[in-house]
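Novice: These protein sequences, in sequence, are chains A and B.
Just so you know, the numbering used here puts 23 at position 23 of the first sequence, and the rest follows in order with no gaps.
Just remember that the numbering used here sits 69 ahead of the position in the second sequence, which is counted from 1.
What the hints contain is simulated information worked out from the structure, not anything from laboratory work.
None of these values were measured; they are calculated from a predicted model.
Positions of the beta carbon are idealized from the N, C-alpha and C atoms, including for glycine.
You may find that some hints are simply not true.
Computed, partial: chain B to chain A, Cβ under 8 Å [stated by the list, open to error]:
1. E109
2. G184
3. D247
4. P250
5. W362
6. P365
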Amino acid sequence: MRGNTMDRPYSRARILVLLAIILVLIVADHLRSPTFAFNSGQGNVETALTQKDETACAPCGAPCPSTRD
Amino acid sequence: MDDSAVLPSGIQQPQWQVDRFIVSTALVGLALLGGLIWLETAPFMVALFAVGTVLGMALYHGAFGFTAGWRNLVVKKRGAGMRAQLLLFGLTSLIMVPMLHSGQEGLVGAVAPVGLSLVLGSFLFGIGMQLGGGCGSGTLFTVGAGNIRMVVTLVFFIAGAVLGSLHLPWWLDQPGFDPVPLVNTFGISGAILVQFVGLGLIAWWVNRIERKAHGNVERGELLWKGQSHGVLRTLLSGRWPFTWAILILAAGNALTLGIGGAPWSITFAFNVWGAKALEVVGVNMSQFEFWTWDYPAMALKDSVLTNIPSVMNFGLLLGAMLAAGLANRFNEASRNRPEGRQFMAAVVGGLMLGYGARLGFGCNIGALFSGIASASLHAWVWFASAFVGSLIGIRLRPWFRLPN
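Excised from the complex, chain A in its bound form:
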């Protein structure tokens, strides 16, 4: 049975530490973002909740070849 420590092919502690690191990185990134500043009541910050550039020529935001010099 996979639930037994003997047979389990992974370390529970390792999984928890890894996920905790990812969560900390996400939170750290968020805390230094304009969205967090805006949510904290700071004015004059430009947030980008709807990140979209409808004039772009590709999903990654690349411009059209015809517009390049």
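Following the hints, put chain B in place on chain A, whose structure we already have.
Specialist: Chain B alone, transformed into the frame defined by chain A:
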């Protein structure tokens, strides 16, 4: 959980073992991250996070791998995976092409320029798929399911994507032309019809290869074979027939378009994660042209929780983890750790996947799946170039000690 109510009386269903630790951890992760997204962004982001989670479960339980599907056709001459992909593309284009041209404001399709950048990028991506062991979605859902080798692939996928973002402006200046939406030439119905003809021709070619090699065409993969388990148990613990995965993936992409305003994409998030990591160690990314373009600049500057591909990828990873826990198969593929040439294959494959995805305007999801769902010519060019690259990747696999 007990779904014996759906079984005929007298049939004993096999015992269902769940990895409670993995299931609990995934659920806690979903609740924590979902709560954070709810508190700090907007309800539509939570909805997209949920869509990503369901897509992760569908990819895992449906074993919906683009890479293995292509390889099975080439090596084993079996086309079930390939046919499932073609069905998925057809169904999704039937839903999304009219959606995109319904006149609703704010919906943008996955269209991209056609040129040297696209051809080379998708070709490299095709090689990388076979060496890295997965495509964009495949890499993510297998990482979520605890596959160590795919973690290596993902790390180098991210590195390659960032490198590609630095070079993409140069590649864009090479021969190429602006996006070609098929709807502009054929109209909505015509574009769908033209794509159906294209998909039908590929299906005919796939069936021909399979019949020639085996004398028949496998249909079983599309059908539900878990009758002894009942519907609910199969839904939660797998394995799903391809038809279930096709329906969920098509609905998921359409929902992503409806909620987020653009079709499903994966690899742009890898660019953002890699660029943010470089900024943390002091690299000024705004010195590179790609990161001065509006969308990448916005994504880099703001929280990953406001970036749709990132939020959906987080959901996908946790969804696949949940599914693997429910199937009691988390980390199952990692009993043999990658060493030597296999490790090298994950490194080289990951780099090619990332670099190729950036030059090719996305991966099998953002460029191929969402591109065909948007009736864009670039998706078809991507498909052909990536398949040729995949043929080379399959030939290279034995040298890297990877089974074919």
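Novice: Could you run down the list of hints and mark each one as holding or not?
Specialist: So, going through the hints one by one against the coordinates:
1. E109: Cβ of E109 of chain B sits 6 Å from chain A, so the hint holds.
2. G184: Given a least distance of 6 Å, the restraint on G184 of chain B holds.
3. D247: holds, 5 Å
4. P250: Hint on P250 of chain B: violated, closest Cβ of chain A at ~11 Å, above 8 Å.
5. W362: Nearest chain A Cβ about 4 Å off; hint holds.
6. P365: holds, 5 Å
Hint 4 from the list above is the single one not met by this structure.
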